[in-house]
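10 protein chains.
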Amino acid sequence: MSTKPSRELEAIPNPNPERDYEVTMVCPEFTCLCPRTGQPDFATFTIHYRPGPSIVELKSLKLYLWSFRDEGHFHEAVTNQVLDDLVAAIEPREMTVEAKFNIRGGITTTVTAKHEG
Amino acid sequence: MSTKPSRELEAIPNPNPERDYEVTMVCPEFTCLCPRTGQPDFATFTIHYRPGPSIVELKSLKLYLWSFRDEGHFHEAVTNQVLDDLVAAIEPREMTVEAKFNIRGGITTTVTAKHEG
Amino acid sequence: MSTKPSRELEAIPNPNPERDYEVTMVCPEFTCLCPRTGQPDFATFTIHYRPGPSIVELKSLKLYLWSFRDEGHFHEAVTNQVLDDLVAAIEPREMTVEAKFNIRGGITTTVTAKHEG
Amino acid sequence: MSTKPSRELEAIPNPNPERDYEVTMVCPEFTCLCPRTGQPDFATFTIHYRPGPSIVELKSLKLYLWSFRDEGHFHEAVTNQVLDDLVAAIEPREMTVEAKFNIRGGITTTVTAKHEG
Amino acid sequence: MSTKPSRELEAIPNPNPERDYEVTMVCPEFTCLCPRTGQPDFATFTIHYRPGPSIVELKSLKLYLWSFRDEGHFHEAVTNQVLDDLVAAIEPREMTVEAKFNIRGGITTTVTAKHEG
Amino acid sequence: MSTKPSRELEAIPNPNPERDYEVTMVCPEFTCLCPRTGQPDFATFTIHYRPGPSIVELKSLKLYLWSFRDEGHFHEAVTNQVLDDLVAAIEPREMTVEAKFNIRGGITTTVTAKHEG
Amino acid sequence: MSTKPSRELEAIPNPNPERDYEVTMVCPEFTCLCPRTGQPDFATFTIHYRPGPSIVELKSLKLYLWSFRDEGHFHEAVTNQVLDDLVAAIEPREMTVEAKFNIRGGITTTVTAKHEG
Amino acid sequence: MSTKPSRELEAIPNPNPERDYEVTMVCPEFTCLCPRTGQPDFATFTIHYRPGPSIVELKSLKLYLWSFRDEGHFHEAVTNQVLDDLVAAIEPREMTVEAKFNIRGGITTTVTAKHEG
Amino acid sequence: MSTKPSRELEAIPNPNPERDYEVTMVCPEFTCLCPRTGQPDFATFTIHYRPGPSIVELKSLKLYLWSFRDEGHFHEAVTNQVLDDLVAAIEPREMTVEAKFNIRGGITTTVTAKHEG
Amino acid sequence: MSTKPSRELEAIPNPNPERDYEVTMVCPEFTCLCPRTGQPDFATFTIHYRPGPSIVELKSLKLYLWSFRDEGHFHEAVTNQVLDDLVAAIEPREMTVEAKFNIRGGITTTVTAKHEG
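Protein chains in written order, with our numbering: chain A, 1 to 117; chain B, 1001 to 1117; chain C, 2001 to 2117; chain D, 3001 to 3117; chain E, 4001 to 4117; chain F, 5001 to 5117; chain G, 6001 to 6117; chain H, 7001 to 7117; chain I, 8001 to 8117; chain J, 9001 to 9117.
Careful, some of the hints might be misleading.
Here are the simulated lysine-lysine pairs, DSS-like style, with alpha carbons at most 25 Å apart [stated by the list, open to error]: (1) K4059(E) / K3100(D); (2) K2059(C) / K5100(F); (3) K9100(J) / K100(A); (4) K7100(H) / K1059(B); (5) K2100(C) / K5114(F); (6) K8114(I) / K8059(I); (7) K4100(E) / K3100(D); (8) K6004(G) / K6059(G); (9) K9100(J) / K9114(J); (10) K3100(D) / K6059(G); (11) K9114(J) / K9059(J); (12) K8100(I) / K8114(I); (13) K4004(E) / K6059(G); (14) K3059(D) / K3100(D); (15) K6100(G) / K5100(F); (16) K5004(F) / K5059(F); (17) K8114(I) / K4100(E); (18) K100(A) / K4100(E); (19) K2114(C) / K1114(B); (20) K7114(H) / K7059(H); (21) K1100(B) / K1114(B); (22) K3114(D) / K2004(C); (23) K9100(J) / K7100(H); (24) K6100(G) / K6114(G); (25) K3059(D) / K5059(F); (26) K5059(F) / K7114(H); (27) K3114(D) / K3100(D); (28) K5114(F) / K5059(F); (29) K1059(B) / K1100(B); (30) K1100(B) / K7100(H); (31) K7114(H) / K9114(J); (32) K9059(J) / K7100(H); (33) K8059(I) / K8004(I).
Please keep in mind that the hints were generated in silico from the structure rather than gathered at the bench. All figures in this text were calculated on a predicted structure; none of them were measured in a lab.
Generate the whole structure from the sequences, applying the supplied hints.
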């Protein structure tokens, strides 16, 4: 398996597709660049979903989040994009993505977006 | 962009207007004056909203909160005013403003006001 | 304004009577006497309300809570009395009073009473 | 008043029977014996109720919990018994008893039982 | 009683079958192997249920969780298996199994599965 | 034994006078009056000592601290007085008294005084 | 091995007698009776030592602490007795016993005694 | 007494000048301006001293700290200035001033300066 | 590099051998078996050292700690063995190994051993 | 002033060079790459120093730490390099650099290096 940043999210067949259960993944190592100043931003992403046909493979999620490292993204837009990409990859029954960005200008911003399948 | 205190809140077009998502901003550096005694008050503002056509620009929010620094305001009134100003500026689907003021006379006061769009 | 303990609660006109908002006041310095043993009791009062025509003035609340210092009161009764007095003074849309008393005989007691306007 | 362990719970007339309010009592000093091994067990009991005609007297509750000290009891059974005894003694509108037992064999057990009056 | 790892879960008759109450067991010492790399994984299991005819015996639960120690299991599958095994053993009115796995690749994963009886 | 506030501290013979050991007592329920404004002050006293011929009896310490309830005292003076009174009563090898007063005017004050026997 | 309370402490040969290392054991389940009132007291014992020829066997320590359950003991005396008994049993290079008793009369007491071998 | 910001610190005669004791004051409401950008800075000042002939009056300290509100000051310089002003006003045996400034540019800065009398 | 449990610790040349600095590694995933009962034990190892000619390679440390998984070890002995093995592998100027074992029989045990080079 | 990553650290004249005081800066947003795998590492740097002729300018420190973002560095080496660069730039009386790296392979590593001027 690759160890390069990649937008490819690997979907694994859900081992228990008949049950409506939940998965929560906390990812405190997200970093991208501010599209206005070019300076680094940092965030903790919390991804909560109820699996449909697939679950997301842990390592591919790590490489996916890494792929934003050198790109400029606004807080609100990147949170929605991560949600859209994950929904497209694994078609969950429901998914919520929360991104808590580090303090800037004395203000901490958290963006939360939800997909109902 | 200016770096002066200002009541002008900058509205940015919502990058994902089709989705009903949430933004939470925690601002622990609010200070104004007590209208009775003239002495400084301090508060943490937490602004939670579901964006409509616009989102609030982070730096303009910082300058907006700064603009209260030399003014006298009652706890309840200033919390409602911040809510009204933000609602006017970005027309959210829903917004809640919570202001937690530092202890005075052995009592801590928190004011929470909500706008349903 | 007086600085003596007093049962008089000062009502201030609500600056935003048209909005249904919330105020929470935490008062960790309540003390009265145990009516059985005469020994001091200590409690933290948390007062939560949605203002109607009036809000409660902070200093008068401090003097009001002070007025119980030399009186004997049972936990349940004094919590309900504080609620009744505040409701009579400011006629809130809704009010909850919670009193968390310090541990006695290895047991911590919290009493919570609610008024729906 | 006695200072011996006793199953007698003292009911005091509710000073505010017309209002539906809540009382929470946290009792971290419960101990009994394991009926299988005879070794001591330890638990924190949290008793939450909405008083009906009576409230429970604090000292009699302490002596009541003490009365289990030298007896063997299973976690689930003793939690339900405490609930039954308290309900019989004070006839609450509603009562919940939660018992959090100390870790045994690497596992912490909490039992929660509720009576709706 | 045995002290060997075992898939046998011991069911004890519920001492209070007429009441719909709750039991929560926190088990921070679960370990199995990663089926991809063969390396150890660690998790805290929290088992919450409302007992039906039986409750689970504490020691047999410890030996049951131990029985996974040398086996390879995916996070999602093993959480569902523990739920299925416990449901088969004690037929609860309702049961939830939450497994919080230690951080891997900078990501913490929690799986939560629920059975409604 | 009395249950009235009293400046009398009871000294009990030290059961282990040959060993140089330590006792720490945390007393979070101290209250007196501000000698300038007459309003209540609150503090947590922590008393640490290495016993000499005597130890302090717990209940008499409670009644002693209670005896300041209706008196006006400055923070620094009352902390030193408590130290002096305890040293006179039990002649410790060493004693430290720390008094942490509740916040006033946005400032929390702690006074710490030490006696070397 | 017995599972009865016992004052017998088992000494095991120190597996590394040539190195001066440290062992700390935290025992939160100590209970005895108050010799004045007969009511239960509770404490957390923390035992810290540098082993000499022997270390203390964990289960015998548990049974030893259990043996105080039905006896009346003053805080200071029982802490020194536990230290004396452990020193006699395993002859450590150094040992400290700290006993933190639960709050009584609004005061928490901790006793700390040390033996230098 | 005035309620205006003022550089005047009031010295009160030390009530226990013969004893070498300690006073610690925590002041979380300091704010001044950044001399480079003009934007507000916020800090918590902790003042620790061993009194000499005088102690500092609490209210005058509050007004003193307030007096920096509209002035531009560098972190390191203002901390040293507060120490110098306090030393000049009350001539302590020893004093330490610690100022913990809020995060700026992702970095939190604390400055600690000490005077030995 | 291997991914099997192994007693081989890899030593890497210290990149800054001329400076006396410190490295602390916290390893919360240690598990072995109890040599008396055969049941699993769990511990958090904290390894603190001042490097000499070598530093320890992180992955080899992980595989080393894993190698104890199926072996029986007493708390005191295994802590000293880990210290001895690490000292032999990298010859530090100084090293301390602390192992905090999970609670057994109501008692938590921590063993701390130190090597001075 | 530039807003690009840069190894240039700006030294500002110490405003109080005659006093031996301390500055502590906590920088939780350090990230570089692992020189073995190329994957991102994250750390919190804490820089503590007693200023000599100069202090470090806050923004230049931010840009300096940013300059490691795309480079491969071992934990021990990069901590020592940051210390060396800062010592060369501002010649402190003393400086300590602590870098706490995020968990990898179940192990958290902290490196601490000190310069005595």
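Assess, step by step, whether the Cα of K3059(D) is no farther than 25 Å from the Cα of K5059(F), and give holds or violated. Distance ~18 Å between K3059(D) and K5059(F) Cα, so the pair holds.
Compare the distance between the alpha carbons of K3114(D) and K3100(D) with 25 Å, and conclude whether the hinted pair is satisfied. holds, 15 Å
Compare the distance between the alpha carbons of K7114(H) and K7059(H) with 25 Å, and conclude whether the hinted pair is satisfied. With a Cα-Cα distance of about 23 Å, the restraint between K7114(H) and K7059(H) holds, given a limit of 25 Å.
Proposed proximity, K3100(D) with K3059(D) (alpha carbon, max 25 Å): holds, 21 Å
Does K5004(F) pair with K5059(F) here, judged by a C-alpha cut-off of 25 Å? Holds, at roughly 11 Å.
Pair hint outcome, K8114(I) versus K4100(E) [Cα-Cα no greater than 25 Å]: Answer violated: K8114(I) to K4100(E) is near 34 Å, above 25 Å.
Distance restraint between K9059(J) and K7100(H), which requires alpha-carbon spacing of 25 Å or less: Within the cut-off at roughly 17 Å; holds.
Is it true that the CA of K9100(J) sits at most 25 Å from the CA of K7100(H)? Status holds; Cα separation ~21 Å.
Please verify whether K7114(H) and K9114(J) have alpha carbons no more than 25 Å apart. holds, 21 Å
Pair hint K8114(I) and K8059(I), alpha-carbon separation not exceeding 25 Å: Measuring from Cα to Cα gives roughly 23 Å; hence the hint holds.
K1100(B) and K7100(H): Cα distance at most 25 Å? Given pair K1100(B), K7100(H) holds - Cα atoms ~21 Å apart, limit 25 Å.
Tell me if the straight-line CA distance from K7100(H) to K1059(B) falls inside 25 Å. holds, 24 Å
Comparing the model with each numbered hint stated earlier shows that hints 5, 17, 22 and 26 do not hold.
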